Amino acid sequence: MTMAFDTLSEQNDEALLVLFAKGDQSAARALTARLLPMVFALARRMLNDPAGAEDVAQEAMLKLWKIAPQWRSGDAKISTWLYRISANLCVDQLRKRRTVSLENAPEKVDETPCVDTVLIANDRATALHLAIAQLPERQQMALNLRHFQELSNPEIAEVMKASIEAVESLLSRGRRGLASILAPRRAEFGFVQEK
Amino acid sequence: MADSDLNETELAILFEEAKLTLPVDVPTGLTEQVLADAAQIGAAYAVQDTPPKAKNLTGFRRLFAPIGGLSGALALAVFAGFGLMAGLGDPERLYSLPVMEDILAVFLVEISNPTPLDTLEYLMAES
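Each protein sequence line maps, in turn, to chains E and D. So for the first sequence, this note's numbering puts the first residue at 1; every next one is plus one. So for the second sequence, this note's numbering puts the first residue at 1001; every next one is plus one.
Because the hints were derived from the structure by calculation, they are not lab data. Quick caveat: nothing in here was measured; it's all calculated off a predicted structure. Hints are not guaranteed to be accurate.
[To be verified] With a straight-line cut-off of 35 Å between C-alpha atoms, the simulated DSBU-like cross-links for lysine-lysine are:
#1 D:1019 / E:161
#2 E:22 / E:161
#3 E:66 / E:161
#4 D:1019 / E:63
#5 E:96 / E:66
#6 E:77 / D:1019
#7 E:77 / E:96
#8 D:1019 / E:66
#9 E:77 / E:22
#10 E:161 / E:77
#11 E:96 / D:1019
Go ahead and model the full structure; you've got the sequences and the hints to work with.
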């Protein structure tokens, strides 16, 4: 059973997943076109690594295909569920990376801040991403979902399985952390020192 | 003088720039891999979802298929006949059936407020 792509594009995510669970491959194409960019963008920003982001996006979508027959209507929105899966996979990757980098750490510790060592001159976006990477995982996740995926605080709360107050706190602490990490680059960014 | 932390406006500017600078176009290879996964998993779902092929029924078999075929129709006819006999026949004759006597005893005479267990015990004692 296969429906025309145009017809499918009018269906919501849940209806498409039901069609896929009945073997409709065109529903998979429509869902991929709709959801993969969103998943990949989140992973790309959270990991700052295209190859890692591809792995996460593929795995998240694979989990979606596998859960299709068991999906119950009334559960979380598919996009919310997928964001949660992707964000958790990203956190797993970040933890693995941290373990690997600790295992391979040189004996003499380089105390130069990460932002300074890796920063491409005047690349404010890169500086921001590197600064975000230095924050605790849940703050990273909240900031990415809020500022790059443009989710509302209640949506982020649903993705992160946290209260709205907890999300507000994570965002607030995250922004304070970023402001502090990036402070030494203020002049380079062209921001005027506050008196 | 120590650098002061960035303020909310400055952070907002950085976020806006970052949103525009990092390309997040999905690589074609990734889309193909995701669709290949979907095809592999979806193929199994398609097999599960295929309804069993309907048999080519003809005549009475086809007519009675929704009520369980010829045996279903036969059972229906027997019970319908019994119902007609009971409804049109002499009620006294119906009450004279041995099993009716037991049932009526349970519900009308022997036991007040019978539970299923009471009924069972009574019928076993009677038999």
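For each hint, the structure was consulted:
1. Proximity of residue 1019 (chain D) to residue 161 (chain E) is assessed by CA-CA distance (about 25 Å); at most 35 Å being required, the pair is judged to hold.
2. For the proposed pair residue 22 (chain E) and residue 161 (chain E), the alpha carbon gap of about 30 Å is at most 35 Å, so the pair holds.
3. A distance of roughly 22 Å separates the Cα atoms of residue 66 (chain E) and residue 161 (chain E); the hinted pair therefore holds under the 35 Å criterion.
4. For a cut-off of 35 Å, the pair hint linking residue 1019 (chain D) to residue 63 (chain E) stands: about 27 Å separates their Cα positions.
5. Taking the CA atoms of residue 96 (chain E) and residue 66 (chain E), the gap is about 25 Å. The hint holds against a cut of 35 Å.
6. Between residue 77 (chain E) and residue 1019 (chain D) the CA atoms are separated by roughly 25 Å; this keeps the pair inside 35 Å, and the hint holds.
7. Restraint check for residue 77 (chain E) and residue 96 (chain E): the C-alpha separation of about 29 Å stays at or below 35 Å, so the hint holds.
8. In summary, the hint linking residue 1019 (chain D) to residue 66 (chain E) is supported, as the alpha carbons are separated by about 32 Å, within the 35 Å threshold.
9. At most 35 Å may separate the alpha-carbon atoms for a hinted pair to count; residue 77 (chain E) and residue 22 (chain E) meet this at roughly 20 Å.
10. Between residue 161 (chain E) and residue 77 (chain E) the alpha-carbon distance is near 13 Å, which keeps this suggested pair within the 35 Å criterion.
11. Distance restraint check for residue 96 (chain E) and residue 1019 (chain D): the Cα-Cα separation of roughly 26 Å lies within the 35 Å cut-off, and the hinted pair is therefore satisfied.
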